[in-house]
Every structure is written in structure tokens, then in C-alpha cells.
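Enquirer: With chain A fixed as given, assemble chains B, C and D onto it according to the hints.
Line by line, the protein sequences give chains A, B, C and D.
Numbering-wise (my numbering), the first sequence opens with residue 239 and increments by one.
Numbering-wise (my numbering), the second sequence opens with residue 239 and increments by one.
Numbering-wise (my numbering), the third sequence opens with residue 239 and increments by one.
Numbering-wise (my numbering), the fourth sequence opens with residue 239 and increments by one.
Worth double-checking, as some hints may not be accurate.
What the hints assert, rightly or not - Among the chain A residues that face chain C by a calculated CB cut under 7 Å, a handful are:
1) W360
2) S428
3) H439
None of these hints come from the bench; they were simulated from the model.
All C-beta atoms in this analysis are idealised placements derived from N, C-alpha and C, irrespective of residue type, glycine included.
Protein chains: 4
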Amino acid sequence: MHLSGESGYKKKTMRQIKVGIINVSGYAGVELARLIHQHEYAELCWVTGRSMAGRKVGDMFPHLFDIKLAIDAEPGDADVVFSALPHKASAEVVLPLVRRGIRTIDISADFRLKNSEEYTKWYGVTHLCPELLQEAVYGLPELHRAQIKSAHLVANPGCYPTSAILALAPAVKEGIIQPDIIVDSKSGVSGAGRSLSVATHYSEENESVSAYALAGHRHLPEIVQELETQSGGSSLSVTFIPHLVPMTRGILSTCYASLVDGRVKDGKTMAEQVRQVYSDFYREEPFVRVVDASPKTKYTWGSNFCLVYPTVDDRTRRLVVVSCIDNLVKGAAGQAIQNMNLMFGFPEDTGLNSLPIFP
Amino acid sequence: MHLSGESGYKKKTMRQIKVGIINVSGYAGVELARLIHQHEYAELCWVTGRSMAGRKVGDMFPHLFDIKLAIDAEPGDADVVFSALPHKASAEVVLPLVRRGIRTIDISADFRLKNSEEYTKWYGVTHLCPELLQEAVYGLPELHRAQIKSAHLVANPGCYPTSAILALAPAVKEGIIQPDIIVDSKSGVSGAGRSLSVATHYSEENESVSAYALAGHRHLPEIVQELETQSGGSSLSVTFIPHLVPMTRGILSTCYASLVDGRVKDGKTMAEQVRQVYSDFYREEPFVRVVDASPKTKYTWGSNFCLVYPTVDDRTRRLVVVSCIDNLVKGAAGQAIQNMNLMFGFPEDTGLNSLPIFP
Amino acid sequence: MHLSGESGYKKKTMRQIKVGIINVSGYAGVELARLIHQHEYAELCWVTGRSMAGRKVGDMFPHLFDIKLAIDAEPGDADVVFSALPHKASAEVVLPLVRRGIRTIDISADFRLKNSEEYTKWYGVTHLCPELLQEAVYGLPELHRAQIKSAHLVANPGCYPTSAILALAPAVKEGIIQPDIIVDSKSGVSGAGRSLSVATHYSEENESVSAYALAGHRHLPEIVQELETQSGGSSLSVTFIPHLVPMTRGILSTCYASLVDGRVKDGKTMAEQVRQVYSDFYREEPFVRVVDASPKTKYTWGSNFCLVYPTVDDRTRRLVVVSCIDNLVKGAAGQAIQNMNLMFGFPEDTGLNSLPIFP
Amino acid sequence: MHLSGESGYKKKTMRQIKVGIINVSGYAGVELARLIHQHEYAELCWVTGRSMAGRKVGDMFPHLFDIKLAIDAEPGDADVVFSALPHKASAEVVLPLVRRGIRTIDISADFRLKNSEEYTKWYGVTHLCPELLQEAVYGLPELHRAQIKSAHLVANPGCYPTSAILALAPAVKEGIIQPDIIVDSKSGVSGAGRSLSVATHYSEENESVSAYALAGHRHLPEIVQELETQSGGSSLSVTFIPHLVPMTRGILSTCYASLVDGRVKDGKTMAEQVRQVYSDFYREEPFVRVVDASPKTKYTWGSNFCLVYPTVDDRTRRLVVVSCIDNLVKGAAGQAIQNMNLMFGFPEDTGLNSLPIFP
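Chain A extracted, bound-state conformation (with noise of 0.2 Å):
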């Protein structure tokens, strides 16, 4: 029964691919460096941080104390390279790569708008490149997996547009809801990011919810982009009021629309049929998990995975679906990695098996 030593599920073969990360001293930079570590065809070559330059990535984060790698300030050469630089920011050091033909992924929302008037509107600036936007494929495999494979500058969504793009789209696809649709979300703290803020204080943010950005939060046009885009065109009134929570990781969205009369038939109860339709739209995702009873963010902490609760209030007929995904995840980092494993030909969920941790 006993095995020669021979390899731990880290055997890097000489196949892998070469990957830098641009700012690795945010969250989400962070956590790209912990994912591309323990994946099996991806080598981490190397990582700038602007104020951390020279720095070992294991002195400035101790969990990462087995990467070795000094922090640069400029990047190097690579076979794709992860931006997680603010936006603007993000634009102006991804347009060179990109004209270089190196395979980019940004985690800024510089590319995920395609219009760049709503960018100018929503982010306060000019955009950069506008061109670049057509070109950009927005990174969420569920609706754009055969874009992203042949890419060469993926936009890699916001936190709450995945969870709520993920919880409406079957909806607003299949035409069995109303126009009209709210999006309440609560996220965990690390959404916010590493820079310090008051809001972020412990003492502050501890024992307390709030709701935030009511004027308008910079995710909501990458939603209703998305979403309009599965109701062929047709426009969406959607108001998304973000909430921060006690903790640190996991964004839980509930949305509410009203059905469609006529399209529910009897025979099923209404919360049945609408199961059945995300069950279908969802039937060969890898991280998209329909479950049959309200889930927990802590059901996905740590995992690339997002479970998605549809279910219908009988009295009002309303369509209400509650999704949740570990924010740094399937949030950023690790929807990132899926859409470098589409692009490179990978299985599509290399290193991101990892169960979620419970408690």
C-alpha cells in the first residue's frame, strides 16, 4: 500500500505558464498570489507593488511566506499578466502590455463598460483607450465562456456584479420577470480593500450594518449592462443599494422582481418552475450551484463557488433569489484564474477545487 515519494499535488510540470501580477498589495492582488502558488500550470514570475517595492512578498504577507519573491517596481515578461491596480491607474499600465500582445486580465473596472460615456460618467475620467473597450471581453465564464477563451484582455467583473448578475441573469434571460428590479446586497469588509478608511476601522465597522453609496454605486452599469444584454436589449430599471456587514469576507445579494404574468404555469408551484429554469440555465457550470434552501456566505468562503437561491413570495408573486460568493474569489481573484484557465486551455477549474472552509 505504501507509495514511493514521487510529487504532492504541487508538481509544477515544465509546462506551465509564466504569470505576473501588477500591485500585489491589495486583496485582490494578495490573493492572486496565494491561487497562482498552488496552481498546477501557472508560475508565479513576478509581482510589483508601488510602496513595497524591494520587499519580499512574505514579509509584507506572512500567510505567503512560501513565495520567495521580491517585490518589483516595474512589471517583467510573462505569458499573462493580472492588473489589480486601482482604475485609471490600471488603463494606463495595461495599454502598453496589451499593444505588446501579452494576454492581460485587469481586475479594475477600466474595461468592463463598453460604452465609454458611462465610464466618463460613473468613474470621473476620460478613458484612455476607448477603443480597447469593444475588444475586451467582460470576464464572467457563465455568460461569456467561448469570448474569453480566444481573448487577449479580459475584464474580470466587480464583486457585486458577479452575484448579481448571476442571480438575474436566468430570469432576465428567459423573460419570466418584470422590468423593474431591485438588487440589495451586503458584502463583508475586505470588499472596501487594504487602503485605510475610517469606515474600515474596527472599532467603527464592528457590531454595525450600513448602506452605502445611495447616490449611485460605480457597479451598477456593469449590471444593468450584463443584464440587458440577456434581455436582448430591452431596457432594465434596476436600484442597487450595496450594505457593508460585520466580516470580512462573502457577498450575499437578495434581488426582487415581479413575474411576468401568464409566463408560470400551473400544475408546478411557481417557486418550482423558476427553480427548474435557473437549474437548466445552469446545468454545466462547474461553480454555479443552485441549492434548494437559503444558503450562508460562509457556504462558500475561501471557493471560487457561488450558490443561487431562487425562489418566488406567493403573496406578492415576486421573484426573489438570494446568491452568495466569497468576494475575493469568485469576487475577483479566483474568477480571475478561471478566466485564465479558459484562456489557456486549462480545465477550467485548476487550482480553484478547494472546498469552502466551515466553520
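Expert: Relative to the frame of chain A, chains B, C and D by itself:
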């Protein structure tokens, strides 16, 4: 400058009323004990607790070490009795008290609904004394102050209804919104009470958010009953989804409804006009504050205040109202004291003047 | 039974003293504002705050919406002034006040140490006015009540020292322990103040425990100074290690020392005899409770109480004492109010009678 | 650059061993299931669970949706069995397995103590099969690797002992400390298991720290047994006080002992010399990291690593060692897998290579 040493704020006059608490063993009961102990015009004379009879209050709840009472098995005599029993059990104990002429404030759900069939539908039991339902007053002072003053039986509102009704009453009353209403509430875990369950086990609830009771929560009919009264009896279509968030105290409700066309005029922004409606409605209220920035539940921690923030999503012409309370104070024991103050002619804020504790 | 509507507990008499707070912008300052606002014999007349000058207190700290004061740039006149500035800055502001004869309570560390060389060693600056060090009274009422009453300058103790000294003073004073003492303290994050840092960033502090300041924490010399006074001047060897735990308020200190042979006699258990020493020591104290079961910090939340639980590890004949406080109340602002009460002849518990809030 | 689509890291070879878990229903059991599911050379063949028999693992624990096994009432056949039952119940089930020649790893305390009288004293029951105590190997690989490799029955260490023994073994073994030792441990709540109790009820445990088991915790004799073995049999006087802190996972132990005079030489600082002792001791260890800054439990979250930080309080010549583990991984299920790897000749880190998840 030195003062003579008379008195602390707890100086209790000779004119104190005698108070009893039935079932001190849950969080509402224990919070009542704390508040009455600090009340200038009330004296806590006895408490009951099913499984704790014979023990000292301060032994069961070490933070109440100053309360020297032993826990009784049966109620005694009093000017006013609070029942903190669960529904059904509460009606059984309250009924003989009311018949003896003792003024009673029931924290349970037994006397909140005016319609006994609704009660049976939601609570699964036949009401013990439906004839008392019309006599009982729904104890939300902001809507029923005059009736509370002369009431013999007050039904203290549920925690979620308190936050939802205060968030929506002005809009419904003034007719500025359409009848389709979404209430998305986020509650701290103490709302689930002191009974043990896997859902409230620390390791399972920490670092997690979930929606629950999607098939219908018992607080829904209260919300509908009270809002329909404000709407002059016209029917409302309300979806209410409660969520559990990892904190002990606090409820934040986010409420959504479309504005009625033509009701909100030009000149001012829609948000300004809506805010005026709310400020007017709550102008004289001692415990409701219409605030001009999105509030946190932490700003109400330990206090009887309700913060209400009405605003408008201009893109979709939807009213969005955020309200915050401490679920154990304004959502339970504090509101019960407020009702007692009204019933006995004390200043309404007696014993409830503590500012929130922050951070 | 109805009472005339006069007065709530906040009835403020004409004989109130005028109070000023220097630097209301940190957690000690804001907690002072809350407590003074609720104090029967004191009126908050002005507050200063470096970066917030011109803003309203209630705008900066929404839980203080009832305090209508604007924040000033410079101190005004007062009967008593609290300084909540950091060390060094505090001495600079306090010195002219003391020279003008204004009674002052300094929350900073500037006047706690009697030895100016120790001050320089631990704080890295030369003391501005070492001549005031002997005049200043260390404001721990349980040890220095008489001196506090007539003091003009009170040095309010640090949060850790309050918990450690109260845990150990009876044993040291009675000579029942050997001079080798370990103090292992666990603090909520508010003790680190309101200044932003990675260590107090929510996502990094949540779900984590750490020890810090292992090379020596500035609160150590306070602990040693006060305990050596209790020991009659004989030298103690104290190791003090503070820890940060993921909660907002509370300090629990676990203190260890070997019992002196022969001092604890037969008949009673060692634990019983030790407990008697502690009960005798704190018999008259309004805010220290010697409890007979291991306490939780939660049992002191929001209150000025200190719970002390002394016991003995029989196998090793070691005294183990656990103490709990709310670091912002008994560990800072509440103790400062207690000192003010003593200085002005008010009942010692005026404004501090609130029971802990649980859960 | 594209690779053929073969395999992810979960490629399971034909040479997998068959694994069974007795009592999957607690946190150690469920964590074992997660780790074995991801193990390259092991296949989870059956699990038992007293109250859950007949249910699917993924229904009881939604994060394990990929494990399709139903929960059995009785153990089946296997190459290795893990028992995650409580003490006493575990011995009853383990005994027949061991007699049948099945290699067994017992997570309970039943086979940890070599002395059956000590077992009876601490656990209050007579040991079922004291003759197995000498045969059983204490499964701390850092101390007993060679014996574990050939063991048929491994007693997996307790969570606190793992952190305390790894923190102190080098100092005890090298004789650099005196025999008076304090271990002050802080644990996340998952260490208290999945059984419901008021102490682990969310609202009571959140925002609170407490010490417990001051009369003696059952993990003490393990700590003493193993450290006395390292000391060559000389007697140690250990006080161990566990604390509960409001987080789910993680143990941080702070250990104190006076340095032996003369053992630590000049030239280097005492801290440097102590650090050298620790680095030498753990030089080859795959899961113990001697770190040079005070660690946080968060740096081990979800991983099998133990971080050890030894330093010296120069003023008192005391050694202070801080150690961190994830109590459910290195403190329970991960260490059990590490033992299995050793027993079956797999690379020691197989299935345990995941980096900690941060933040």
C-alpha cells in the same frame, strides 16, 4: 462649587409604581429588568422565569448584580406587568391579569394582530381570547400615542415591524409611493433570542450572512396591518425578507417603493421633498430622528432611538428608506418602557434618555 | 398614581460645574462627552478637536446628536478640564491650565509616572514640566481616593494598568505573593484609538488574535510603580504582555504569581483565603466587584465596573487573578468622571450608575 | 503553450487508500472529510454520524456538496479509520477496530495519556483498555515522527497541547528554562465544538473574552506529559489557563518561563540565542515556522502551519513564546492527516499544502 452629597440620578421617589416582569429569562426580559432598575418612577417588585425560579437575577445575569430579587415561579401584584413570554404562552398568562384589571404590556405577538384569523394563519394556533384583540392597542407610540395613554393592554410591536413601519409610515400616509413595497431587513443575532440553535451557534453564525423565512415571516402581517391603516385602508403588496448578520444588536431595514407620479414637484429635488415629508411627520417625536446621511445601526446601540434616512434613486424614481434601531431597546424593551411612561403619565423619555454607546 | 410631569433623570440643577474637553475627537474624548452630557452636576461647555474645529459634535459623532456644541480650536474657561490629547501634546496644553489654577484631569500618560527619567525612557521625550509630577495624583480611586479629592492635577490611569493594578493590589499589599508576576492582558480594539492603522483595519483584525509590544509596553512602568507602592517599596519583577482580540470594548487581564509559603493557612482552601483578602480590600468600593466565578468582559460592557476573580491553581500553588473592565469607561472616560466626582464632592457614582448592557 | 486537458490536482490514482471517519458530525469530523476529499492518495469511503445517519454529507454540511456519501450508522471496512467521537465513546469504538488490525487515528483524548490513573482523574471514567495506552503513539510528528510511521494506533493531540508543546519543547529539551511555566492560551470558539451551549451562543460570546476551566483543564496533563518527556523526566510546574475569544478558528498561546542562569551567553542578545535554539530544533519541520515578529492567528487560518515566536523579556530574564495554529487543522484534522501521511509513507505534506487564507 461643592455640592451637598444628596442624590444620584437613581433617586427613587416615594411615588414609584410597582412593576412585575413575566419571564425575565430571555433577552427582552433581561433588558426590561435593566431599564426598569434605572427608571426614576418605577420599582421592579418581582420577576418570574420558568427554569430559573429560586435563583437570584444577578446570579443568572451577572451584569444585573445590583438587582437583588430572586426569580419567582408565579406573578405577584403590580401596577403594571410586562410579559416577555413567547406567543400563546403569553396570552394564557396575560388574560387573567387583564381580567383582574392590571395594566399589561405584552412583548409577545399575541395581541398585535387585530384579525384573529390572521393570527391563526401565521401562528398556527387559535387565539385564546379574540375578544381582547380590539381592546389591545398596538404599542407604537408614533402612530397610536393617544390610545396607548388610556390602554389597559398594550401589544408591544415586533422588532422588524418597528423598523419597517417607522421607515414607511410617512410615505404611505402621504400617498407618495405606489403600493408595491420591498422591505429588506438585516438583524443582529440577539433578535433570535436566547434559545440555543445551530443557526445562532457562534461558529456557524460568525463571518456569515443569510436570508431566512423566505416563505413568510410572522412579522409581515403586523407590517401590513399598520401600514394599511396609514394608507387609509387601501391594500399594499409587501415583500419582507429578514437577514441575519454577525453582530449582537441592531436592525437596519432598507425599504423600496416607486414614487407616485406627479406627487413630487419640481424646484426641490425629489429627495429633498421626500425628506420634508418625513421631517414633518416626525417633528415632535422624541425618539425618531430623520437624518441626512446613511446611518449605521451602531449609532443607536443601547438606546431607544430610531434613525430614518429617506432618499430617492433618481434614475428609477424609487424611494429608498433606511432605518436603524437597537432591536432590544426600541425594538423591544425600550419601546415597552416608552409605552409604560405614556400609560402612567410620566415624561415619555423617562429612563430612556441614555445616548447610544459608541464605538 | 399618575405623577406630575416634572423632570427626567437628566434634570440639571443650577449648581452644575462647567466642563471642557480638550481633543474630543478620539474614543476617550467622545466617551467623556457622552458621560458628561448625562451627568447631573456637570455641564459640557466646550470641546476642542484639532482637525474637526468648526464642525458640530453631533455631525462628527452621530450618536451624540443631542450635543449641540460646535468643536472649538482652543480651550475656553471651565471649572474642570479633561485633556484627551496624546502624551507630550497633552502636557503642553495642560501646563498653562494648571498654572491658571484650573483643575485638570489628564487622560494621557504625561503625569502618571513619578520619575521623569522613567518617562523619558518609555516615551522618548524629555518631560516638559517634571516639577508637576509629584503634585499630580495617580487617579485610581481605589488606591488614592483621599489625594484625588484635593488634587488639582489628576493623571488618569491607562486602561491596562487599571485592570492589572486592581487585579493585583490586594495580593501585593497583603504580601501573599512572591515578586515574580505575569500579567497577560487581552484588549478590544478600541484601546488602540481612532487613528487608522493596518493593525486595526477591520479585515486584518477580525478573526485574529495577536500579542504585541513584546519588547515592552508603555503601560508597564505604571503597573510597576503602583504595585511597588502597595508592596511597601520592595521590588517586583513584572512581565506584561498585551494582546489584541477581535472585539471593540473590554480588557481582560489574567495575572499569575506564586503564593508565599506559609501565608495561606489551613482550614479554608487557599482559594477561599485569597478571596477573603480581596473581598476585604474592596469591601467599600462602589465600582469593584470581587466575583466568585470567572467573569466575561461582556459583563462590564458600557459600565464603570471592574470585576475581579481571584483563585488558586492548587497543583502549583499559584495565584491566578482575572479582572475585566470596559477599557473606555473604567479604563478611561468613566474613571475620569469618577475622579471629577471625587474632586468636586459629588457622590462618587454620579453619572456612572448605568448597569452594563448585555448581551 | 496550451496544454491538453488532463487532470486537475485532484487526480486520484488507483493506489488510493480507503478511509473511514467515525462521527463526521462535529467540527473535527467535518474538517477531516474536507481534507480527505482533497487528498491525492486517499479516498473517503464511509462516514458515520450518530444523529445524522441516512442523510447525505452535503445536505448536513452544505460546503461539502461535492461529497456524495450518505452518513452511515456503523463503521465499514477501511485501510485507516479516524475517530472523531468524544472521549470514552471513542475508546469503545476504536478498541474493536484496533483488534481487527485496522490502523486507527483517534482524535479524542482516550489514548493520549500514558498513565491510566491520570486518565481516570481528569476524565472521570476508568479506561476501557489501559493495555493499549503504551502501544498508542502520541501523534505530534515534531516529537514522535519515527514512532508514528509504524504505529497502529495514533492518539491525535489536543488543540491546546499542540500549540503549547510546540511553543515550549525546544526550551525544555535544551534546558534553558526553569521548571515554572505559565501557558496562557486564547482560542476561537470552534474549539468548543458543535454542541450547543449558552457559552457558545452567538449573542453571549460575541464582543467578549473570558477565561475558563481555572480549576484545571483536561489538556493540562497532556502538556505536562509531553514536556516532561522532553525534559528528560524532570518534573515541571505548569499552570495552563485557556480563554475563549470571539472568533471561529485559531489558538494563540503565550508561554512564560524564567531563563536558567548561565545558559544563555553574551555576544548575542538573549533573544537571538533563544531564537537559534528554536530554529535548530525545527529546522527540518514542514509545518512549524520560527518567525521573527509576533504572529497573528490569522496567518495560519485554514492551514496546517504552526508559527512560533520565541523572545525574551530582558528586564525580567523571562522567555516569552507565542505560538499560533488553526485549531481545527494543525490542532485537529490537519494533524491527523499528517499522521496518516506518515503512517502510509506518503509525502508528509500531501493534502496539507494549502497556504493560509488571508484576510
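Enquirer: Under the constraints set out in the numbered hints, which ones does this structure not fulfil?
Expert: Number 1 - this is the single hint that the structure violates.
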